[in-house]
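Using the sequences plus the hints, can you model the full thing?
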Amino acid sequence: MVEVSRKYVFDFDSTLTRVEALDVLAEMTLEGRSNKDEVIKEIQKITNLGIDGDISFTESLERRIKLLHAKKEDLDGLVEQLRSKISKSIESNKDFFEKYADDIYVISCGFKEFIDPIVKEYNIPSDRVYANTFKFDEEGNIIGFDEKNVLSQHNGKIDCLKQMNLDGEVQVIGDGYSDYVMREAGIADKFFAYTENVHREKAANNADYVTPSLDEFLFVNKLPRNISYPKNRIKVLLLENVHTAAFDNLSEDGFSVELIKHSLSEEELIEKIKGVHVLGIRSKTQVTQTVLDAADKLLVVGAFCIGTTQIDLETAKKKGIVVFNAPYSNTRSVVELAIGEIIMLMRSVFDRSREIHEGQWQKTAAGSREVRGKNLGIVGYGNIGKQLSVLAEAMGMRVYYYDVDDKLALGNAVKCNTLEDLLSVSDVVTLHIDDNKANKNFIGEREIKQMKKGAMLINLSRGFVVDIDALAEGLKNGHVGGAAVDVYPDEPASNGNFQTKLQGFPNVILTPHVGGSTEEAQRDIADFVPNKIMDYINSGNTVDAVNFPNIRLPKQNKSHRFLHIHKNVPGIMAKINKVLAQYELNINSQYLSTDNEVGYVITDLDKEYNKEVIKELKKVENTIKFRVLY
1 MVEVSRKYVF DFDSTLTRVE ALDVLAEMTL EGRSNKDEVI KEIQKITNLG IDGDISFTES
61 LERRIKLLHA KKEDLDGLVE QLRSKISKSI ESNKDFFEKY ADDIYVISCG FKEFIDPIVK
121 EYNIPSDRVY ANTFKFDEEG NIIGFDEKNV LSQHNGKIDC LKQMNLDGEV QVIGDGYSDY
181 VMREAGIADK FFAYTENVHR EKAANNADYV TPSLDEFLFV NKLPRNISYP KNRIKVLLLE
241 NVHTAAFDNL SEDGFSVELI KHSLSEEELI EKIKGVHVLG IRSKTQVTQT VLDAADKLLV
301 VGAFCIGTTQ IDLETAKKKG IVVFNAPYSN TRSVVELAIG EIIMLMRSVF DRSREIHEGQ
361 WQKTAAGSRE VRGKNLGIVG YGNIGKQLSV LAEAMGMRVY YYDVDDKLAL GNAVKCNTLE
421 DLLSVSDVVT LHIDDNKANK NFIGEREIKQ MKKGAMLINL SRGFVVDIDA LAEGLKNGHV
481 GGAAVDVYPD EPASNGNFQT KLQGFPNVIL TPHVGGSTEE AQRDIADFVP NKIMDYINSG
541 NTVDAVNFPN IRLPKQNKSH RFLHIHKNVP GIMAKINKVL AQYELNINSQ YLSTDNEVGY
601 VITDLDKEYN KEVIKELKKV ENTIKFRVLY
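Under the numbering used here, the first residue of the sequence shown is numbered 1, with each subsequent residue one higher.
These are calculated hints, taken from the structure and not from any lab test.
A virtual CB, placed ideally from N, CA and C, is assigned to each residue, including glycine.
Treat the hints loosely; a few may be bogus.
To be verified - Below 30 Å or equal to it, Euclidean Cα-Cα: the simulated DSSO-like pairs (lysine-lysine) are:
#	residue 1	residue 2
1	94	202
2	619	555
3	7	318
Claimed, not checked - Ranges between beta-carbon positions, derived for each pair:
#	residue 1	residue 2	range
4	358	38	52 to 58 Å
5	221	58	55 to 61 Å
6	586	71	51 to 57 Å
7	340	98	36 to 42 Å
Structure below.
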């Protein structure tokens, strides 16, 4: 069987670069003009009309140049700008352009003056660049273009490619309909609609392949690439109205992301999880063993919150699924709400507010007290508890804390040896304990009776840690002077009707699990968790993983990276290295980290490898998951 040679014809604007060069030039030359924005908008409109074939390209070119008011000297600045605007996946696959240099061409309706110096850095010489050229007057003003150049004419790319008379299979890669016409005319064998920078419906609808990145193009053609598996083929499912910045962060990195605003039931998630590589959730979605059993491609779960009890961490670990959470991102938000609620409860602000809303004027100092000099009891002296301790003390409160672990006091905070000691002395008790199932009804009838009469209770931790019936009774008989509750044992999956026994009591603040729901916190979480996910998918790093050995390692150039997850039994490393030795693969570096159950080894190799080695590594006894990263 004779292998057919291929030729690869690239567009320039919005393909090799993320931008349209003339748009960038317009930004430069129109700086300081009062009508800059309108002119640039008009140029962009004309550009799109020409690309989509709605006006002749000649007309598109003429109209844009007239609006530019550019000079020859502006082109050097334009080239510098374009060097920083190379498409991300083009830049990361420079090896492809070097290795296949003799088979790569550029056909563009842009201009050689700025294209040549850019593509030269990708081993594409000027004689394989087909583009327009500018005309200048004696003062160096750009006054037009060479009308004799076929690329200045409507559908000029067709005539250009015909004249080149390339042998073998010709593949065209571009973003616009003006690139597709070469395929339509029958002189190109395949058209790849390149959508990394812009998605043009007309081009995509007519393409043989829609390619969101060069990685996808290389993957389809079985060509060498920077990563083994295109990111656009990695499916990400985000649930529970995760901040849209998470969607943006993951999408911009090239992943295919679906965002659902509500949680899913176990049955719904079992169906939805099939084919998903990355799952993002908050606190309501239950990732059970049954769900994980149905997850045929799942690599990582991101919890966009602090708690992880909604995830079966052990099953995830046994299946080689890494879990990340956001342990610090909403700390300040929760602390600020706690401070606000302490003040509101001590001053009976909500009662006075309700009275005004009902048309009553009840000015009184009764039941209204300063927080200064009062005793605050913090149950759980972790990140939130400690920060609250500092702020409360700054307001003049005396701080007491209780924690099952030995925690060093900050400032003048006093450690209590027992929960009872803390409850008996506190004017306000605030709960900041974790989601361990053993903490169910941590505050029940007995503990409420141990509180000072008239003391306040705040729960911003987990709904199940407080016995709601016992708290309601304490409020009813007056032993509890007020409460602020943000979390409940049973919370609805989506916004709508909600009932709790705590409704209707005076001096009780009820909020719908919004302790960490500030714009700042949700944005921080939407950055933190996706960064951890991307770091794992892109580099194999597991730093800050909840259920997995932690490894941080640098990204390697000119190497291949194998990721191997296995049961932690003796001899696995020896077996892995035996396979690598059999295939004469030289190890550049190797990293291993284990816990009681699993081992995670990362191996960097310095040469091309026989693909059979992958099959052999997957066959190593006690292998859980194996992945080639790049």
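Cβ distance range 36 to 42 Å for residue 340 and residue 98, holds or violated
Because 60 Å falls outside the window, the suggested range is violated.
Given the hinted pair residue 7 and residue 318, is their Cα-Cα distance within 30 Å?
46 Å, violated
Taking 55 to 61 Å as the stated bounds, is the beta-carbon spacing between residue 221 and residue 58 within them?
Violated - the Cβ-Cβ distance for residue 221 and residue 58, about 34 Å, lies outside 55 to 61 Å.
Under the criterion that the straight-line Cα-Cα distance not exceed 30 Å, is the pair residue 619, residue 555 satisfied?
Answer holds: residue 619 to residue 555 is near 26 Å, not above 30 Å.
When you take the CB atoms of residue 358 and residue 38, is the distance between them in 52 to 58 Å?
At 54 Å between Cβs, range holds.
For the pair we were handed, residue 94 and residue 202, check the Cα-Cα distance against 30 Å.
29 Å, holds
Range hint 51 to 57 Å (beta carbons of residue 586 and residue 71) holds or violated:
54 Å, holds
Of the numbered hints listed earlier, those contradicted by the structure are 3, 5 and 7.
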